[in-house]
Every structure is written in C-alpha cells, then in structure tokens.
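Undergrad: Please build the complete structure, drawing on both the sequences and the hints.
Going line by line, the protein sequences match chains A and B.
Read in order, the letters of the first sequence are residues 0 to 161 in numbering that gives the first Met the number 0.
Read in order, the letters of the second sequence are residues 0 to 376 in numbering that gives the first Met the number 0.
No lab work stands behind these hints, which were simulated from the structure alone.
Here a beta-carbon is modelled for each residue, glycine too, at the ideal position from N, C-alpha and C.
Every clue listed holds true.
Think about it this way: if two alpha-carbon atoms lie no more than 25 Å apart in a straight line, the pair counts; the simulated DMTMM-like pairs of lysine to aspartate or glutamate are:
1. A:Lys138 to B:Asp252
2. B:Lys91 to B:Asp150
3. B:Lys64 to B:Glu20
4. A:Lys149 to B:Asp158
5. A:Lys138 to A:Asp34
6. B:Lys268 to B:Asp169
7. A:Lys144 to B:Asp34
8. A:Lys149 to B:Glu146
9. A:Lys144 to B:Glu141
10. A:Lys36 to B:Asp252
11. B:Lys189 to B:Asp314
12. B:Lys94 to B:Asp159
13. A:Lys149 to B:Asp99
14. A:Lys149 to B:Asp110
15. A:Lys144 to B:Asp151
16. B:Lys64 to A:Asp103
17. B:Lys94 to A:Glu132
18. B:Lys91 to A:Asp103
19. A:Lys138 to B:Asp138
20. B:Lys91 to A:Asp17
21. B:Lys263 to B:Asp158
22. A:Lys138 to B:Asp57
23. B:Lys94 to B:Glu170
24. A:Lys144 to B:Glu37
25. A:Lys36 to B:Asp249
26. A:Lys149 to B:Glu97
Here are some of the chain A residues that sit facing chain B, going by a computed Cβ distance under 10 Å:
27. Ala28
28. Arg102
29. Val145
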Amino acid sequence: MMAQAAPTAAPDTAKTDDSAIAARQRWMAVLARTDRKTLETEWSDKYGATTWSHLREPQVGMVMVRGRAGGGGQRFNLGEMTVTRCAVTLSDGTVGHSYVKGRDRVQAQYAALFDAVMLRDQTASAFIDVLAEQQAAAKRDHAHKVAATKVDFFTLVRGEDE
Amino acid sequence: MYVAVKGGERAINNAHRLLAEQRRGNKDVREIETDQIEQQLSLSVTRVMAEGSLYDRDLAALAIKQARGDLIEAIFLMRAYRTTLPRFAFSKPIKTAEMDVSRRISATFKDLPGGQILGPTFDYTHRLLDFTLMANGEDPAEAPSGENPVDDHMPRVLDDILNYEGLIQDEPTPVDENAPVADLTREPIKFPAGRDLRLQNLSRGDEGFVLALGYSTQRGYANSHAFVGEIRYGTVSVEIEPEELGFAIDIGDIELTECETVNKFKGSKTKLPQFTRGYGLVFGQNERKSISMALVDRAMRANEMGEQIMGPAQDSEFVMEHSDNVQSTGFVEHIKLPHYVDFQGELELVRRMRTEVEARLAKADAQEIKTQSEAAE
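TA: What follows is the structure in structure tokens.
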C-alpha cells in the first residue's frame, strides 16, 4: 500500500532515492543477522537515555519462502520460516522497523531501534560497519574452508607409449 | 447409538507422566540440551524443519527432544505449532544461483567452472563405526582453509553450461509473475495439480516415501534415466517486501539443498530429442531428499511430456496423497484408538453371517444324508 502511495507523497519523501533505500537495506540486513546480546549491549552503552515507544510490539509470525522450479522458472511455495517484526518511534517521531529471522522479540526490538537511530542521525554507522565486517569475515572464513574441499583432478599417464 | 465412555483420565495422566520419566531416561546420565541437538544432530534438525515445513532450528531441536527423537512425531509438533502463528508475507523467490555454497558437485561435468566442491559430506567415508567418538568424545582440529575462497556466484550446470543449442529444455519462460501460486496449507489439493503444488508437496513430503518413489523410477517404474546435473547446498538470504516499507529487505539466511537432474527425452513428432529437468529443493542439508524429489518431480511431469504412465511415481494423485507423513501417520495410527462401537457392529455382523452359513451347511448335510440313504435303498 505504501509502495503505491509513495509517488504522490511529498517531493522530499519521493526523493528517498535509491541510494538512501540501498543504505537502509544494508543496515537492516546487518541488524537482522546480529544477535540480541550484541544489540542490547550497544544500545544500553550508547542510547540508554533515549526515549522511545513501541509503534508495534514485537510479534512472532511466519514468512512463506518461495522458490522457483529449476531455480529460475515457475514460482512455488517451499515452506515457512519464523520471523519476528517490530516497529518503534523515537521521541522526535522517527519510526524504525525490523523483520528478523527467528523468534527473538528482543533482537527484533533492538533492530528496529537501531533502524530508527540510523534514519534519525546515522550515529550508529560505525557500529553497523563493524558488524558488517564481522559478518563478511565469517562468510569469508567459511568460503575458504569450503574451498579446501575443492577437487583437483589430475590424470595419470599410463600405457606403453614412448 | 453413541456411547460415551469415561474413566481413562487418570490412566492418561499417569501414562504421560511415565512418558516424561522415560524420555528423561536414567538420571545418572546428563540431560541433553536443545542447543546440543541443534548443533550436533543438525541433520535431524533439518529434516524436521523440511517436513514440518517450518524453518526454525531451535524449535526443531525442541521438537526432537520432546518427541524422544521420533522425527515424525517432532514433525507433527512443528506442524501443530505453525498453525498458531500469523503469516506476515511471502518472500521474493529465493535466488539459489546466488547461494553461498558449502557444497556443489556435478555428476555430468568433471571440469566445470567453479569446480567440484565436496563440502561436509559422508561420501567417501568408509562407514565404519568410529569408536573414538564414544570413548574420547570429539574435539576435532579446525578444518583447513583453501588459499582462495569459493566463487561467490557459482555458475549453474543446467542453465549456464548445458543450456546451449537447446540441448536441455528451458523452464517455461516467461514466468507470469502475477499468476497465483498454489498453496496446499490454505487450499485442499486438487487434481490435476500444477507443478507449483507438486513441488511444495514433495519438499515437505516424507523423506523415506519420496526416496522409495525416486528409487522406483530408477528400477523401471517410470521411463526415466537421470543424471545429477548439479547439487548445491549452502545458504541463501530471504527477502520480503513489507507493505509499510515499500522496498525489499533481507531478513536473514536459510540453508537449502538444491538438486537438478538431467533426464533423457526421446523427442516427439514436433520436438527434437533433448534433455529434460527434474528439480529438488529442500530446507537444510539433505541431499538424499533433494535428489529423490528431483527424480519424482521429473516422473510426475509425464503428462506434460506425453509419456506413458508406467509407475506410481508418475501418478501425481498417488504421490501427493501419500507423501505427507503427518497425514499418513494420523490415519494409519488412528486405528489403534478406541473403535469399540464400530467393532461391536462388525462382531454382530460376523456372528450373524457365521450363524447363517452354519445353518446352510447343516441343511446341506441333512440333504446329503437323505439322498445317500435314498440311494442306498
């Protein structure tokens, strides 16, 4: 619904251009992969005094995951996954959202709070960058370990040729 | 007549208490924790997620513990739990081409771009019991790392390597992105079933059943000779587009196993011979299931290919109505529950039939004796 409403919204909202959306997509993806404890600790260290309220209490539900036949063909419903969502409002009215895999309400709440902080003044940028780097490093380490299981075929020359 | 019978309540309560005690087992043995199950029995966890049709590792671990390791019972628990949750959204179709692979192999091309990546596999193990796991526990050294990481975007064997000169059938394109997608969790299965419904059904179908059917296609109960074009196992990110945001967001990663089979197709009057596809996609690491699923998916495309139906795996109705182990176990096991009144009826009927037959036999005997004595005279 919001997607359809967007073109008629005020010009500055419409100008929430692709790069702003891409930046938000990045931090939301990073927050969705960050455990509750890390988020909670950072929040109480840096933003403990912030006043905020729930726009939507953390709620556990599901997303139906879709695949495609043959990887690129007809869509089909593969199965569901648990997801928790939350929306918060900071005292200045900034609204933050989160949708995170799993059933951790506290994680979802802090993910929404950091989303709001990032929208308000980007002060959590450094924190997000560190998390992003940790996540990328974990992924890289795994990709290196997996690479060690790559087969190096070699052919033995046999027979009576000179 | 329906007779309500009471009096089982205390017995039931005590039976459940006994169950709880036996689940715990000998208290001198440490209790198993759900995070141990989640980490160390991870293939049980993925099976319960796949057939429970709900991706949540912690819940699956809990279900396995509660079910004393009975995976079908655990799957039942997952299915029951999912009915309590609202559905927020459908994801955008996941992109398996962008999977971060932990394993990727092809049985059709040896030297394929990206390479044969074995990953964490039981293949090539000797299947000898390792008694050190029992005696000393396990503290393996860290697995070695390769110099270069595996490729980010592994080329797909069927689409990127085999798909030239029309050698392999394309997935029907363009895909109508606005067409409704069948969902057996909301609508009863109807026949003929589209491929979307068949794939959903197979992905959550019982591993043993799908395996047996896949095997049957190889043994001649379907005209199918399949190669594994590619298997990949790894993680993909899931994206949804919440209405309140209006753009797609990444909500986290899930593990999947994908299998694409290549099957021969002899061609028809209008089509040249070419290869056709079977597709398997399953939650978690489960190669056996994904290969079986691809075999059965291909077999169920018999009508579409104009092939003769020769075996059960090609019969969508047979496959789809019997693949769900919660449904199957429900009906098979319900016959152990009280059927006293039904059985009373059967008992009366059998007694009456026996009386009738006995009377008829007695009459026939009497007749025979009479004829014999007449003949003797």
